[in-house]
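Here is what each chain is made of, one letter per residue.
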Amino acid sequence: MLQTKHLSKDFIQGDSTIHALIDFSFDFPKGITAIMGPSGSGKTTLLNLLAGFDQPSQGEVHLAGKRIDNLSEDARSDIRLHHSGFIFQNWSLLPTLNAIENVAFPMLLAGASKEKRLAKAETLLESFGLKHRAKHKASQLSGGEQQRIAIARALILEPQVLFADEPTGNLDSVSGEIVLELLRQHTQDERRLVLVTHDAEVAKMSDRILYFRDGKFEKIEELK
Amino acid sequence: MELINLVFRNLKSRPVRSFLTWLGILVATTSMILFLSFGEGLRKALDSEMQNFGPEIRIVAAGTSAFSAPLPELSPDMLPQLEALKDEIGIETISPLVVMVKGGGFSPTSGFLFYGLNQETSPKLFLPDAKPIQGRLQPHPDGAVVGFKKAEQSNLKIGKTLRLGRDQEVEIVGILEETGTLSDSAIFVPLTVLQDAMGTKNYGTFLLNLNNNVDIEKASQKLEAAFEGIEAQSMSEAMEFAKKSLRIGDFIRFGISAVALIVGALLIANTIMMSVFERTREFGLMRAIGAKQQFIFGLVLTEALFLALTGGLAGVLLGYIGTIIINIISVNYVGIALSALTFRLAFFALSVALVLGLLSGLLPARNASKMPVIKALGRA
Numbered sequence: 001m002l003q004t005k006h007l008s009k010d011f012i013q014g015d016s017t018i019h020a021l022i023d024f025s026f027d028f029p030k031g032i033t034a035i036m037g038p039s040g041s042g043k044t045t046l047l048n049l050l051a052g053f054d055q056p057s058q059g060e061v062h063l064a065g066k067r068i069d070n071l072s073e074d075a076r077s078d079i080r081l082h083h084s085g086f087i088f089q090n091w092s093l094l095p096t097l098n099a100i101e102n103v104a105f106p107m108l109l110a111g112a113s114k115e116k117r118l119a120k121a122e123t124l125l126e127s128f129g130l131k132h133r134a135k136h137k138a139s140q141l142s143g144g145e146q147q148r149i150a151i152a153r154a155l156i157l158e159p160q161v162l163f164a165d166e167p168t169g170n171l172d173s174v175s176g177e178i179v180l181e182l183l184r185q186h187t188q189d190e191r192r193l194v195l196v197t198h199d200a201e202v203a204k205m206s207d208r209i210l211y212f213r214d215g216k217f218e219k220i221e222e223l224k
Numbered sequence: 001m002e003l004i005n006l007v008f009r010n011l012k013s014r015p016v017r018s019f020l021t022w023l024g025i026l027v028a029t030t031s032m033i034l035f036l037s038f039g040e041g042l043r044k045a046l047d048s049e050m051q052n053f054g055p056e057i058r059i060v061a062a063g064t065s066a067f068s069a070p071l072p073e074l075s076p077d078m079l080p081q082l083e084a085l086k087d088e089i090g091i092e093t094i095s096p097l098v099v100m101v102k103g104g105g106f107s108p109t110s111g112f113l114f115y116g117l118n119q120e121t122s123p124k125l126f127l128p129d130a131k132p133i134q135g136r137l138q139p140h141p142d143g144a145v146v147g148f149k150k151a152e153q154s155n156l157k158i159g160k161t162l163r164l165g166r167d168q169e170v171e172i173v174g175i176l177e178e179t180g181t182l183s184d185s186a187i188f189v190p191l192t193v194l195q196d197a198m199g200t201k202n203y204g205t206f207l208l209n210l211n212n213n214v215d216i217e218k219a220s221q222k223l224e225a226a227f228e229g230i231e232a233q234s235m236s237e238a239m240e241f242a243k244k245s246l247r248i249g250d251f252i253r254f255g256i257s258a259v260a261l262i263v264g265a266l267l268i269a270n271t272i273m274m275s276v277f278e279r280t281r282e283f284g285l286m287r288a289i290g291a292k293q294q295f296i297f298g299l300v301l302t303e304a305l306f307l308a309l310t311g312g313l314a315g316v317l318l319g320y321i322g323t324i325i326i327n328i329i330s331v332n333y334v335g336i337a338l339s340a341l342t343f344r345l346a347f348f349a350l351s352v353a354l355v356l357g358l359l360s361g362l363l364p365a366r367n368a369s370k371m372p373v374i375k376a377l378g379r380a
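Protein sequence lines correspond, in order, to chains A and B.
Under the working numbering, the first sequence has 143 at position 143, and the numbering climbs by one with no breaks.
Under the working numbering, the second sequence has 58 at position 58, and the numbering climbs by one with no breaks.
Source of the hints: derived by calculation from the structure; they are not laboratory data.
Predicted model, so just to flag it, every value in this text is computed and none were measured.
By construction, the Cβ of each residue, glycine as well, lies at the ideal position given by its N, Cα and C atoms.
Among the hints, a few may not be true.
To be verified - Straight-line distance between alpha carbons at most 27 Å, and here's what the computed DSSO-like set of lysine-lysine pairs gives:
{"hint": "1", "chain 1": "A", "residue 1": "K66", "chain 2": "A", "residue 2": "K204"}
{"hint": "2", "chain 1": "A", "residue 1": "K114", "chain 2": "A", "residue 2": "K135"}
{"hint": "3", "chain 1": "A", "residue 1": "K137", "chain 2": "A", "residue 2": "K116"}
{"hint": "4", "chain 1": "B", "residue 1": "K12", "chain 2": "A", "residue 2": "K135"}
{"hint": "5", "chain 1": "B", "residue 1": "K375", "chain 2": "A", "residue 2": "K66"}
{"hint": "6", "chain 1": "B", "residue 1": "K160", "chain 2": "A", "residue 2": "K114"}
{"hint": "7", "chain 1": "A", "residue 1": "K66", "chain 2": "B", "residue 2": "K222"}
{"hint": "8", "chain 1": "A", "residue 1": "K114", "chain 2": "B", "residue 2": "K292"}
{"hint": "9", "chain 1": "A", "residue 1": "K5", "chain 2": "B", "residue 2": "K375"}
{"hint": "10", "chain 1": "A", "residue 1": "K216", "chain 2": "A", "residue 2": "K204"}
{"hint": "11", "chain 1": "B", "residue 1": "K370", "chain 2": "A", "residue 2": "K66"}
{"hint": "12", "chain 1": "B", "residue 1": "K292", "chain 2": "A", "residue 2": "K120"}
{"hint": "13", "chain 1": "B", "residue 1": "K160", "chain 2": "A", "residue 2": "K137"}
{"hint": "14", "chain 1": "B", "residue 1": "K201", "chain 2": "B", "residue 2": "K222"}
{"hint": "15", "chain 1": "A", "residue 1": "K219", "chain 2": "A", "residue 2": "K204"}
{"hint": "16", "chain 1": "A", "residue 1": "K30", "chain 2": "A", "residue 2": "K204"}
{"hint": "17", "chain 1": "A", "residue 1": "K216", "chain 2": "B", "residue 2": "K243"}
{"hint": "18", "chain 1": "A", "residue 1": "K137", "chain 2": "B", "residue 2": "K12"}
{"hint": "19", "chain 1": "B", "residue 1": "K243", "chain 2": "B", "residue 2": "K124"}
{"hint": "20", "chain 1": "A", "residue 1": "K135", "chain 2": "A", "residue 2": "K120"}
{"hint": "21", "chain 1": "A", "residue 1": "K137", "chain 2": "B", "residue 2": "K292"}
{"hint": "22", "chain 1": "A", "residue 1": "K116", "chain 2": "B", "residue 2": "K243"}
{"hint": "23", "chain 1": "B", "residue 1": "K44", "chain 2": "B", "residue 2": "K12"}
{"hint": "24", "chain 1": "B", "residue 1": "K201", "chain 2": "B", "residue 2": "K244"}
{"hint": "25", "chain 1": "B", "residue 1": "K201", "chain 2": "A", "residue 2": "K131"}
To be verified - Partial list, computed: chain B residues near chain A (C-beta under 8 Å):
{"hint": "26", "residue": "R9"}
{"hint": "27", "residue": "D77"}
{"hint": "28", "residue": "K244"}
{"hint": "29", "residue": "L266"}
{"hint": "30", "residue": "A269"}
{"hint": "31", "residue": "T280"}
{"hint": "32", "residue": "L285"}
{"hint": "33", "residue": "R287"}
{"hint": "34", "residue": "L377"}
One chain only, chain A, in its complex shape (with noise of 0.2 Å):
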């Protein structure tokens, strides 16, 4: 479902090269894989070729069966779009757009009819309790209540893959415990999230973390 093979990432600075991600080969189980390491350990770097948002120097990325790190960048927004959802830190909220139309842009985007996509949106704004909040854009919503909104965004079209770089990292506790538990419900299945993160206590609620250290590796922690 979601792989990698000897997967690296170098970057030109200067005259120099950094090696952000160095050959790292994992097959991401089911359920939540957090990525965890100081800065400039690789975690950034390790998402951004997860999601195809970047391509690497060396080796390989595969999702849902395919290779996607040689692909097109169409191609790749089309991987994306059936098969993972992301979910930013912050301002992940499409501006000119309300609540519910930000929950149905990725069916827009799949060219599902009007009706069904506000129906589905509505349908997932209300288990995530906010329906009553469908009609009100980013910038009426708060903090919590919009990254509620694009983890409904990003489960949608019912992706296999979630993708989530520090989801908490903006809100407050309350808000933040909230985040989690949605991540948590939505991730009983087959589902897999990975989770990049800097605070041990939303680490622990994951089944395994991956430690990262100068872009390499270091170890893994099986917590469940």
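Guided by the hints, dock chain B onto chain A, whose structure is given.
Coordinates of chain B only, in the frame set by chain A:
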């Protein structure tokens, strides 16, 4: 439809900037419509004048330009000589004419344009559908027949006397129906009275109608060969000359209005560029969710086209209102509708606005769609 909705919302989210850009397109299109509508109006007026004008050939003294009032330089001896050539050349009728402009030139508000017609010539020569609304049609033997506009503007009524010279006076015996042509501003008087007023026995011009199937160009050549110091101008020639002048005018006017349009295009380009710059992360987010490059390209380009189309349409509408106002004024002052918004002009103006919208949207659209996702998201 969804795309248009997204475009509209984005433009609405930056209302002042979007409105000012839209206004720029509107002003540019309106100015183009107004500039070019003069050409269309003059062309229409010319067509209408020419359609109403019966004679095929106008004989004038050499050097008289196609649309000026001819001076009385043609000798009275020419009339019998022309009569003698009637059969040989194929002339049907000969109408000698004298033209006098008095007062403020061709301006119907301050000037008077007199046509001296002989007994056989009717104002119908200029206006086949001419009908009097008051009095009679024929100025002969002793009166003046006044065009509708002239009568209205100078408050000329039946029975009033017009003084043409020191001892020459004519009474108004008829007022013509409005025709919408320059003849609405003319006054038709007996030929001999006008000649006396001008102190000459000469004629200004001979207007010739030819028999059917007579080649106008050949007839003109024969006439110019038969008389020295004259020009036999065919009406189609005059028409061509006028249309050529109009085309030159069109180019000049288009050149001027193009400046406004280029400014409009730069406004769109600037707005869209700024909008793309401000929304870099938004586009990155769309791409991260799964939008393809083409979607972003279409979104940005549609925004430029939407501004251009709606601004252009509003510009055409405002231009149309402008032409109506211009025509109200020009009909009052010069007697003809100078401005016209034809379908082809509206189509042309709208097409130019759209093409400029397209061109000014292409680069920002390309930049937005080609930006790597990771860069757009600020995760590089």
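Now the hints, each set against the structure:
1. A:K66 <-> A:K204: With a Cα-Cα distance of about 31 Å, the restraint between K66 of chain A and K204 of chain A is violated, given a limit of 27 Å.
2. A:K114 <-> A:K135: holds, 15 Å
3. A:K137 <-> A:K116: Measuring from Cα to Cα gives roughly 21 Å; hence the hint holds.
4. B:K12 <-> A:K135: holds, 17 Å
5. B:K375 <-> A:K66: Measuring from Cα to Cα gives roughly 24 Å; hence the hint holds.
6. B:K160 <-> A:K114: violated, 77 Å
7. A:K66 <-> B:K222: violated, 89 Å
8. A:K114 <-> B:K292: Holds - the C-alpha atoms of K292 of chain B and K114 of chain A are around 19 Å apart, at most 27 Å.
9. A:K5 <-> B:K375: holds, 25 Å
10. A:K216 <-> A:K204: holds, 21 Å
11. B:K370 <-> A:K66: holds, 24 Å
12. B:K292 <-> A:K120: holds, 23 Å
13. B:K160 <-> A:K137: violated, 78 Å
14. B:K201 <-> B:K222: Roughly 25 Å between the alpha carbons, so the hint for K201 of chain B and K222 of chain B holds.
15. A:K219 <-> A:K204: holds, 15 Å
16. A:K30 <-> A:K204: The hint holds at about 16 Å.
17. A:K216 <-> B:K243: Judged against 27 Å, a Cα distance of about 81 Å means the pair is violated.
18. A:K137 <-> B:K12: Given pair K137 of chain A, K12 of chain B holds - Cα atoms ~14 Å apart, limit 27 Å.
19. B:K243 <-> B:K124: Roughly 25 Å between the alpha carbons, so the hint for K243 of chain B and K124 of chain B holds.
20. A:K135 <-> A:K120: Status holds; Cα separation ~15 Å.
21. A:K137 <-> B:K292: OK: K137 of chain A and K292 of chain B at ~24 Å, within 27 Å.
22. A:K116 <-> B:K243: Roughly 61 Å separates the two Cα atoms, so the pair is violated.
23. B:K44 <-> B:K12: Outside the cut-off at roughly 42 Å; violated.
24. B:K201 <-> B:K244: Distance of about 35 Å is beyond 27 Å: violated.
25. B:K201 <-> A:K131: Violated - the C-alpha atoms of K131 of chain A and K201 of chain B are around 98 Å apart, more than 27 Å.
26. R9: Interface hint status for R9 of chain B: holds (4 Å vs cutoff 8 Å).
27. D77: Violated, about 86 Å.
28. K244: violated, 53 Å
29. L266: violated, 25 Å
30. A269: For A269 of chain B, the interface hint is violated, since the closest Cβ of chain A sits about 21 Å away, which is over 8 Å.
31. T280: violated, 12 Å
32. L285: holds, 7 Å
33. R287: This interface hint holds because 6 Å falls under the 8 Å limit.
34. L377: Holds. Min distance 7 Å.
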